[in-house]
Amino acid sequence: MGERFVVAEMNTHHFMFRGAGATAEAARRALLKAWAAHRSALLALYPEREGSLPEAERMEEHFRIHYLEFEVDAGYRWPDRLV
Numbered sequence: 272m273g274e275r276f277v278v279a280e281m282n283t284h285h286f287m288f289r290g291a292g293a294t295a296e297a298a299r300r301a302l303l304k305a306w307a308a309h310r311s312a313l314l315a316l317y318p319e320r321e322g323s324l325p326e327a328e329r330m331e332e333h334f335r336i337h338y339l340e341f342e343v344d345a346g347y348r349w350p351d352r353l354v
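Numbering-wise (this note's numbering), the sequence shown opens with residue 272 and increments by one.
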């Protein structure tokens, strides 16, 4: 069995956020860092939206995170590994 990695995905109303890591928790942290960067950029433009844009730690109260596991150098026709 080869090296594995995990992709975390979160589909909000407007964007698909993804994070990758060696474990599901690492992928989750990367995804939530992406959300935090997105949120900060939006709040710099629209500070009045602070109450409607959850902080990263609260995102899972609003949106579900899905996890996909892959093996390096493998080929997939989702969800099945073909090679």
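It cannot be assumed that every hint is accurate.
[To be verified] In silico lysine to any residue, SDA-like type, Cα no more than 25 Å apart, as pairs:
| no. | residue 1 | residue 2 |
| --- | --- | --- |
| 1 | K304 | A293 |
| 2 | K304 | D351 |
| 3 | K304 | M287 |
| 4 | K304 | H285 |
| 5 | K304 | L324 |
| 6 | K304 | F288 |
Hints listed in this document are in silico derivations from the structure and should not be mistaken for laboratory results.
Item checked: Indices of hints not satisfied (ascending) -> 2
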